[in-house]
Amino acid sequence: MRLVMGNEAVALGALAAGCDFYAGYPITPASEILEGMAHLLPPRGGVFLQMEDELGALAAVVGAAWGGARAMTATAGPGFSLMQEHIGYAAITQTPCVVVDVQRGGPSTGLPTLPSQGDAMQARWGTHGDRPAIVLTAASVREAYDATIRAFALAEQYRQPVVLLLDAVVAHMREPVDLPPPPPPSRQRPRPSAEPPFGEHPFTPFGSGRAVVVTGLSHDDEGLPRTGSARASERMLRATEARMAADPALGGLTSYRLDGARLAVLSYGVTARVARAAIDALRGAGQAVGGLELTVLWPFPEQGVVDLAGQVDAILVPELNLGQMVLPVRAAVAGRCRVESLGRADGTLFQPDDLVAAVRAMPHDSPVGREARHA
Amino acid sequence: MPDAMTAEVRAARTMRREPLGVRLSGRGGQGVMLAGAIFATAAMYDGRHVVETPTYGPEARLGATKVEIVLSEHEIAFPAVEKADLLLCLSRDAYVKYGRAVAPDALVVVDETALPTSADLPPGLVRLPLRAVARELGAEMVTNVLALGAIVGLSDAVSSRSLERAVEEAVRGKDELREVNRRALQAGLDLGRAGRAAGGGWAGGRAAVRRD
Chain U
1 MRLVMGNEAV ALGALAAGCD FYAGYPITPA SEILEGMAHL LPPRGGVFLQ MEDELGALAA
61 VVGAAWGGAR AMTATAGPGF SLMQEHIGYA AITQTPCVVV DVQRGGPSTG LPTLPSQGDA
121 MQARWGTHGD RPAIVLTAAS VREAYDATIR AFALAEQYRQ PVVLLLDAVV AHMREPVDLP
181 PPPPPSRQRP RPSAEPPFGE HPFTPFGSGR AVVVTGLSHD DEGLPRTGSA RASERMLRAT
241 EARMAADPAL GGLTSYRLDG ARLAVLSYGV TARVARAAID ALRGAGQAVG GLELTVLWPF
301 PEQGVVDLAG QVDAILVPEL NLGQMVLPVR AAVAGRCRVE SLGRADGTLF QPDDLVAAVR
361 AMPHDSPVGR EARHA
Chain X
1 MPDAMTAEVR AARTMRREPL GVRLSGRGGQ GVMLAGAIFA TAAMYDGRHV VETPTYGPEA
61 RLGATKVEIV LSEHEIAFPA VEKADLLLCL SRDAYVKYGR AVAPDALVVV DETALPTSAD
121 LPPGLVRLPL RAVARELGAE MVTNVLALGA IVGLSDAVSS RSLERAVEEA VRGKDELREV
181 NRRALQAGLD LGRAGRAAGG GWAGGRAAVR RD
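Same order as they appear, the protein sequences are chains U and X. For the record, in the first sequence the residue sitting at position 99 is 99 according to my numbering, with numbers rising by one throughout. For the record, in the second sequence the residue sitting at position 158 is 158 according to my numbering, with numbers rising by one throughout.
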């Protein structure tokens, strides 16, 4: 058992996942990931690069992935904005990589470096065009470690950039955790196969030694530009999204004391910790309240939320933003129960009492809201 | 549990509030963040659940900084401290910024240089010459470890044995720092225990007072 910081857990999780390349640019509250990788990677034969900015950082990561590296970068809001272009580039070039965004108050330099959850939508839609997006999050040091490992696995499975969205509190908090020592750096190069380098699964991964054409244009399975027949690209996009939707590894929900609950708090990241404390207090006072925590923000775990709406009368969605993940919650619930948004974007955490008061203010002894909002 | 529970740990436990919210504060460069990590490590060695959350501004030096540590016998949900049970302030800025959000009957330990000139000082405030004694030991940079010794001498919030172990680990591989930190820890413990004997710390009875 050791006291580990969230950002340190991300670095250790990356090593556990076989990460052998890191490029980044320092920014609070993500810098300890960069510092950790600078310290850990070179002695293992890995590559650490401090780039000139965040554009260069993700560009280097994409290039390293083409060479077969398991590559990642980490940043905070302002750097995440700069990375959007290359997230799109990684997506269309089907490049597996991991991008950690430790959210802080924004936009722009905003509230350095107070906690925020303001990048939830940007992580999904920040780059232009349609793409299947995977965005994970975590509410504890242990979860940050596990989510980082998952991020690498999903990136390779879906050949996509995977975003791990943390917040300044989870990134900087230290908790006692028992983490296994990093495995020795014995990554085997992928083998060339008869499968094409792009397209739907299965495919030959980058780094097998096979010559591959990579393009930011819509392309066919061999990587050749095919902008004249983009139907194939669209089919691939739809197929990937369907595969993600059916993947139990992207289930993305953890329940907390939901048994018999008539009210639910749906939350993620550090706010899930506040919600647990509030739920404990409310349960102690005899109220039938439970929690549902998102560990995968995107693809949005719609079915679990639909099921929740069938159980409870109302759902409270507290977020450190002015109401972002409440939007897909409302869409999934589709009027089956009341959904209340509780947002704040002043760099301050909710206190458990804030959520207790918000839950108490919700009408819940009758199926309210069903008839009111949907004619 | 990482360690067998010693009698000392057991005795210290009975004096603790549940959960205990600790806030250490000062100025960037005073080693407050490191103090928080050492204190939280000591709590972990005591076998308690602990979460430590640092907060600092964009300044590398001199901004007001704080680190909050929640200690509990149970798993900790909310990782921040709303009203501190135990507050340390090493700078005036930190006292002004973080000094008010304390629980009734909190133990507030303030360096003598950090007190505002005209302020209504809360009851339970303990004023100690932490920086001055550290300077006497030859290094003001050990104020953080000395302060940890003092608050533990006053409150037994963590066991002194675990604190000693955590300090030793913090200076592992830094031979030139080990001795001065050892002396700082001992000086802090002495200062705290003397303050407690003079009625400054939590007596057993008062420790039982719970906040809402």
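These are computed hints drawn from the structure, not numbers from a lab. Any given hint could be a false lead.
[Unchecked claim] Here are some, though not all, of the chain X residues that point toward chain U, as calculated from beta-carbon distances under 7 angstroms:
| no. | residue |
| --- | --- |
| 1 | H74 |
| 2 | F78 |
| 3 | T113 |
| 4 | P116 |
[Claimed, not checked] A few chain U positions that, by computed beta-carbon distances, are all more than 10 angstroms from chain X:
| no. | residue |
| --- | --- |
| 5 | L3 |
| 6 | Y89 |
| 7 | Y158 |
| 8 | P176 |
| 9 | D353 |
[To be verified] If you want the ones that stay clear, here's a sample from chain X, every Cβ over 12 angstroms from chain U, calculated:
| no. | residue |
| --- | --- |
| 10 | G36 |
| 11 | L62 |
| 12 | I69 |
| 13 | V70 |
| 14 | A77 |
| 15 | E112 |
| 16 | R127 |
| 17 | E136 |
| 18 | K174 |
| 19 | R182 |
| 20 | R183 |
| 21 | R193 |
| 22 | A194 |
| 23 | A197 |
Beta carbons are placed, not taken as given, at the ideal position from N, Cα and C, and that holds for glycine.
Cross-check of the supplied hints:
1. About 10 angstroms separates the beta-carbon of H74(X) from the nearest beta-carbon of chain U, more than 7 angstroms, and the hint is not met.
2. With its C-beta approaching chain U no nearer than about 4 angstroms, F78(X) sits inside the 7 angstroms limit, and its interface hint holds.
3. The closest approach between the C-beta of T113(X) and any C-beta of chain U is roughly 28 angstroms, which is over the 7 angstroms cut-off, so the hint fails.
4. Restraint check, P116(X) versus chain U: the minimum CB separation of about 24 angstroms is more than 7 angstroms; hint violated.
5. Taking the minimum C-beta to C-beta distance to chain X, about 5 angstroms, the non-interface status of L3(U) is violated against the 10 angstroms cut.
6. Look at Y89(U): its CB is around 30 angstroms from the nearest CB on chain X, clear of 10 angstroms, so calling it non-interface holds up.
7. Non-interface call for Y158(U) relative to chain X: holds, since the shortest CB-CB distance, roughly 32 angstroms, exceeds 10 angstroms.
8. Distance check for P176(U) against chain X: the nearest CB is about 5 angstroms away, which does not clear 10 angstroms, and the non-interface claim fails.
9. Listed as a non-interface residue, D353(U) fails to keep its Cβ farther than 10 angstroms from every Cβ of chain X; the least gap is roughly 8 angstroms.
10. Listed as outside the interface, G36(X) is inconsistent with that label: its C-beta sits roughly 8 angstroms from the nearest C-beta of chain U, within the 12 angstroms cut-off.
11. Listed as outside the interface, L62(X) is consistent with that label: its C-beta sits roughly 16 angstroms from the nearest C-beta of chain U, beyond the 12 angstroms cut-off.
12. Against chain U, the non-interface label of I69(X) is violated: not every CB pair exceeds 12 angstroms, the least being about 9 angstroms.
13. At roughly 10 angstroms from the closest C-beta of chain U, the C-beta of V70(X) falls inside 12 angstroms, breaking its exclusion from the interface.
14. Not every C-beta of chain U lies more than 12 angstroms from that of A77(X), the closest at about 4 angstroms, which undercuts listing it as non-interface.
15. With 12 angstroms as the threshold on Cβ separation, the claim that E112(X) sits away from chain U holds: the shortest Cβ distance comes to roughly 30 angstroms.
16. Its beta-carbon lying about 29 angstroms from the closest one in chain U, R127(X) satisfies the requirement of being farther than 12 angstroms from that chain.
17. Once the 12 angstroms rule is applied to beta carbons, E136(X) is consistent with being away from chain U; the minimum gap is 31 angstroms.
18. Against the 12 angstroms criterion, K174(X) stays outside the reach of chain U, whose nearest CB is about 16 angstroms from its own CB.
19. No Cβ of chain U approaches the Cβ of R182(X) within 12 angstroms, the least distance being about 21 angstroms, so the stated non-interface status holds.
20. Separation of R183(X) from chain U is adequate, the least Cβ-Cβ distance of about 25 angstroms exceeding the 12 angstroms criterion.
21. At roughly 26 angstroms, the least C-beta separation between R193(X) and chain U is larger than 12 angstroms, which holds for a residue marked as non-interface.
22. For A194(X), the condition that its CB be more than 12 angstroms from all CB atoms of chain U holds, with the nearest at approximately 30 angstroms.
23. Listed as a non-interface residue, A197(X) keeps its Cβ farther than 12 angstroms from every Cβ of chain U; the least gap is roughly 32 angstroms.
Going through the hint list in order, the structure does not satisfy hints 1, 3, 4, 5, 8, 9, 10, 12, 13, 14.
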